[in-house]
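Chemist: Since chain A is already given, all that's left is putting chain B on it; use the hints.
Read top to bottom, the protein sequences are chains A and B.
Position in the first sequence counted from 1, then plus 23, gives you this note's numbering.
Position in the second sequence counted from 1, then plus 23, gives you this note's numbering.
Simulated from the structure, these hints should not be mistaken for lab results.
Just so you know, not all the hints are guaranteed correct.
Identical copies carry no separate label here, and so any pair may be met within one copy or between two of them.
[Stated by the list, open to error] PhoX-like cross-link-like pairs, simulated, lysine-lysine; straight-line CA separation at most 25 Å:
1. LYS269 x LYS196
2. LYS196 x LYS45
3. LYS45 x LYS115
4. LYS196 x LYS291
5. LYS26 x LYS111
There are 2 protein chains.
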Amino acid sequence: MRKHISGFSNPTVKYLRSLREKKLRKRAGQFLVEGLRLLEDARVSGYVPRTLVMAEGRDPHPLIEGLEREVAGAGGEVITTTPDILSKITGKSNAQSVVGVFDEFDTSLGAVDRSGAKIWLVAQDLRDPGNLGTMLRTGDAVGAGGLILIDDCADPFSAEAVRASMGALFTQKLARARWDDFVPWLRGGETRGGSGQLVAASLRDAVPYRGADYQAPCFIMVGNESQGLPEAYEAECDLRVTMPMKGRADSLNAAVAGAVLAYEVLDKLDA
Amino acid sequence: MRKHISGFSNPTVKYLRSLREKKLRKRAGQFLVEGLRLLEDARVSGYVPRTLVMAEGRDPHPLIEGLEREVAGAGGEVITTTPDILSKITGKSNAQSVVGVFDEFDTSLGAVDRSGAKIWLVAQDLRDPGNLGTMLRTGDAVGAGGLILIDDCADPFSAEAVRASMGALFTQKLARARWDDFVPWLRGGETRGGSGQLVAASLRDAVPYRGADYQAPCFIMVGNESQGLPEAYEAECDLRVTMPMKGRADSLNAAVAGAVLAYEVLDKLDA
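The following block holds chain A by itself, in its conformation from the complex (with noise of 0.2 Å):
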């Protein structure tokens, strides 16, 4: 199905709109994904966008025309529309010339095999969409299985975390779980002889990060940007790293500590 919009006041304008504020977004179960290059990402992962909406007057683009014709095989809807009402829709002056509205995944904690890869990435109280989004394109890098969200995060279905993810939202396994259940989820698996290693960057008792016995499946675990990891949930780590810190800093930002972990874990993990 394919339509025109030229309205502001379409109803379809300001429902998708109300996408970008989480609440909206939360309750609709669905998000948009801005850019070409993201649909691109993730198209090839599988993605398909229920609707498509497109600046008209944009040049033609092979990508854009293969989209288009995946989104109306699918049954989904395509919508030409002015410049200004796109840029209305995402809120940038200058908008991409194109956007998709997915729905939202199952981020349930039971939909995550564990088993399929040998890392995997889990944040606490992560408040900065930019680096959950960072955290996926890091985790898509090391081959991690997803990424796992702990108590109250930022939304991974934001613009900016889409954004920062680089298309890895669409490539990781995102689960969304508080801490109380994550626990026994963790601890009650039994794959590979063991249900996971719990690992957490921390200042506490803790052994250097390099040559640490990192085991798979690894759950490399940060913490909120500015209180870390609650001292309970890193006493329930198995084991927990320190990396030098030369200056007066002592911690790293969020992001930048899980991937230099991550590498860690990767290198030895892969060897």
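Modeler: Below, chain B alone, put in the same frame as chain A:
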């Protein structure tokens, strides 16, 4: 000197607000640092604000009182104002209760003493101020000497970069240069038997980053968030290294790539 400002149209308020804009900040040669934590980081590193602006009615705090004395002692100005006016200055609805005004640093390449550290970070066309601040923070953590900004990078004195640096803006040497000035400077140095090794994360003609032959002073360079490094810049590097990319993506976030590489270099040069 101490004064109270109660009017929104006060010229000092207008001046302080103007420091949020890159162009006006550059013209003034001053920048804002928001919040007691960052101001305390600055103070410990030997930097005292020219002007200290505090919201009236804040709770007394020994650190703020100490700062106030230092500012006054250095001939600076202490201003009290309303929380509303402070919010107007910072552009944030719930402003930190204290803001400091600092003179921008000398960021000329000539002021960099490369023999002072084994590691230096270099960013080329890095556009995201959060990434820039994060690289400063990482530099502090690995004991780098500082960050050299090549070509058109984000402004290191923007509020976002200052905040992301978590105080490392005051511990790391900061320099800005065009590529055509940086290369002769790099090659012209004569310290510890060498001018410095330029290393880039690259996909072209690269060796694995683990265990590569890093040499001090090692200059670790990352490129623009979208484009990476220009080919000619990579060709100038003494060493091109590559990190495993197990997923669909072919690159990491720029600040993450710099950090993973910097920790590897630290391990080799510190051994």
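Chemist: Confirm or reject each hint.
Modeler: Outcome of the hint check:
| no. | hint | result |
| --- | --- | --- |
| 1 | LYS269 x LYS196 | between (35 Å within a copy, 15 Å between copies) |
| 2 | LYS196 x LYS45 | within (20 Å within a copy, 40 Å between copies) |
| 3 | LYS45 x LYS115 | both (17 Å within a copy, 20 Å between copies) |
| 4 | LYS196 x LYS291 | within (22 Å within a copy, 34 Å between copies) |
| 5 | LYS26 x LYS111 | within (18 Å within a copy, 45 Å between copies) |
Checked against the numbered hints given earlier, this structure breaks none of them.
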